[in-house]
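Chain A is already provided as a structure; the job is to place chain B on it using the hints.
For the record, the sequence lines run as chains A and B.
No gaps in the numbering here: position 65 of the first sequence is 65 in this note's numbering, and each next residue is one more.
No gaps in the numbering here: position 2 of the second sequence is 2 in this note's numbering, and each next residue is one more.
These aren't lab readings, by the way, just hints derived from the structure by calculation.
Incorrect hints may appear among the rest.
Distance condition first, Cα-Cα at most 16 Å in a straight line; then the derived EDC-like pairs of lysine to aspartate or glutamate [what the hints assert, rightly or not]:
no.	chain 1	residue 1	chain 2	residue 2
1	A	K241	B	D21
2	A	K236	A	D269
3	A	K274	A	D347
4	A	K327	B	E13
5	A	K241	A	D269
6	A	K368	B	D90
7	A	K316	A	D347
8	A	K327	A	D305
9	A	K225	A	D269
10	B	K68	B	D49
11	A	K327	B	D21
12	A	K368	A	E339
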Amino acid sequence: MNRLPALLWASLLVLLSACAQQPLRGTGDLGIVIERADGRVAVVDTTARSVLGRIEGLGDLSHASAVFSRDGRYAYIFGRDGGLTKVDILLQRIDKRVMQAGNSIGGAISQDGRLVVAQNYTPGGIKVFDAVTLELLSEVPTQSKVVGLADLPGQRFAYALFDKGEIWVSDLSDPRHPVTQQFPAGVQPYDGLVTPDGRHYMAGLFGEDGIALLDTWKPEAGARKILENYGRGQEKLPVFKMPHLRGWAVAGHQAYLPAIGRHEVLIVDKGTWKETGRIQVKGQPVFVMARPDGRQVWVNFAFPDNGWVQVIDTLKGEVVQTLQPGKAILHMEFTPRGEAVWLSARDDHTVSIYDTQTFARLATLPAKSPSGIFFTSRAARTGF
Amino acid sequence: MAATEPTPDRQRELIHLVRQDCGSCHGMQLTGGLGLPLTPQTLKDRPFDGLVATVYYGRPGTAMPPWKSIMSEKEAEWIVRQLVAGFPEDVR
Chain A
1 MNRLPALLWA SLLVLLSACA QQPLRGTGDL GIVIERADGR VAVVDTTARS VLGRIEGLGD
61 LSHASAVFSR DGRYAYIFGR DGGLTKVDIL LQRIDKRVMQ AGNSIGGAIS QDGRLVVAQN
121 YTPGGIKVFD AVTLELLSEV PTQSKVVGLA DLPGQRFAYA LFDKGEIWVS DLSDPRHPVT
181 QQFPAGVQPY DGLVTPDGRH YMAGLFGEDG IALLDTWKPE AGARKILENY GRGQEKLPVF
241 KMPHLRGWAV AGHQAYLPAI GRHEVLIVDK GTWKETGRIQ VKGQPVFVMA RPDGRQVWVN
301 FAFPDNGWVQ VIDTLKGEVV QTLQPGKAIL HMEFTPRGEA VWLSARDDHT VSIYDTQTFA
361 RLATLPAKSP SGIFFTSRAA RTGF
Chain B
1 MAATEPTPDR QRELIHLVRQ DCGSCHGMQL TGGLGLPLTP QTLKDRPFDG LVATVYYGRP
61 GTAMPPWKSI MSEKEAEWIV RQLVAGFPED VR
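In isolation and in its complexed conformation, chain A is listed as follows (with noise of 0.2 Å):
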């Protein structure tokens, strides 16, 4: 028998099952959201509004955040018990896990995509990882819990110290040596954020009134406070769940961040980084998230007013709408150009899809537990 059309047989067989399996396609409207009590997460897909499938043996993931490789394919999830996954989106499979700390908090991924970086609290510091092979190449220790984790242009990455009061930046450029600044910010930094153009980096402060802010591209200047005195003396309210400065909420030059302890949207222009106003919303805010063209800024809130969700519009400076999206919403996800966002209510076991222009509900999906949303498109973007 002729050997040649057996084998050409036999990649068309492989060739169609493969084609019966997994259709080509890309992965820009896909996305992955946390089902946090159970290890798990759901592969969803922002086009069909639908979930594709999902993904177990994630460990713990009651606090759990998503980077993703910046060809969009890989998620990186970072989870409570500090376990490091990476899950192929396409495959909907675990490509590979490492257990990497005994108490974790989030990630980032370098400018290039070559690194992965995760925060720890026990032990606290971060630690340097190969994207491909999630080999460790190095650790910085900090004899502290790090919060607010964020990739800065060049190989850096900036973060917080809770227990320290300082802001480090570590240059990776040879990542097996890392070489640290470190900045004295204030009382008790509880999350950062980075700007869209990795220059600003700022540190909220749970122990004091006010935000650290350090300009990356001239550090030798070092961490200088702005929003002193927000709360002007008085007394704050308890804090039932730490605000999470992911994401900068920012219209034109007008800035929005979450109040500590108060029921406001603080406004800052980012010009000079005071004051500018504030907005009255419904409870102490968690997450505060401008829509990608930053014509409304949604906010929704800590237990128990974390059923509501609130919508700001940044023309008018005033809440606009006021949604019931479900119980216990804790996360919130706009579309890559942000016609939708897709909201998490931990207590329903749904996501919840909504129209941001008609604020009508487009569809609701089921997931148990759900926590964050994450999408493919924070790939291409500083500070994801």
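Chain B only, in chain A's frame:
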């Protein structure tokens, strides 16, 4: 006399509250986070009244808020008893 127990419905609410909302800082498995671990192992040498006061009144100077607007002192005592014994799973 036995301590007053919350009703079964309220117990379920409190279990959910501890796992989910205290869990924001202490972890859903109560193994710690920004807040300390709340496992029987870590709590066993702490005075009961001090733990109840921490839940009910919070700890000024730390991130631990007072929960007195959310629960009664008796309920805080019930929660602490469960934590020390090994906290029940959330069934919701």
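Would you check the hint for K368/A and D90/B, treating anything up to 16 Å between C-alpha atoms as holding? Holds, at roughly 13 Å.
Does D269/A lie within 16 Å of K241/A when you go C-alpha to C-alpha? 26 Å, violated
Holds or violated: are the alpha carbons of K368/A and E339/A at most 16 Å from each other? Given pair K368/A, E339/A is violated - Cα atoms ~25 Å apart, limit 16 Å.
Is it true that the CA of K316/A sits at most 16 Å from the CA of D347/A? 33 Å, violated
Pair hint K225/A and D269/A, alpha-carbon separation not exceeding 16 Å: 14 Å, holds
Compare the distance between the alpha carbons of K327/A and D21/B with 16 Å, and conclude whether the hinted pair is satisfied. 13 Å, holds
Please verify whether K274/A and D347/A have alpha carbons no more than 16 Å apart. Measuring from Cα to Cα gives roughly 38 Å; hence the hint is violated.
Between K236/A and D269/A, does the CA-CA distance stay at or below 16 Å? Outside the cut-off at roughly 24 Å; violated.
Quickly compare the C-alpha distance for K327/A and E13/B to 16 Å and report which way the hint goes. 14 Å, holds
Quickly compare the C-alpha distance for K68/B and D49/B to 16 Å and report which way the hint goes. 15 Å, holds
Distance restraint between K327/A and D305/A, which requires alpha-carbon spacing of 16 Å or less: OK: K327/A and D305/A at ~10 Å, within 16 Å.
Hint check: K241/A vs D21/B, CA-CA at most 16 Å. Holds or violated? 8 Å, holds
Violated hints, in rising order: 2, 3, 5, 7 and 12; the structure is consistent with all others.
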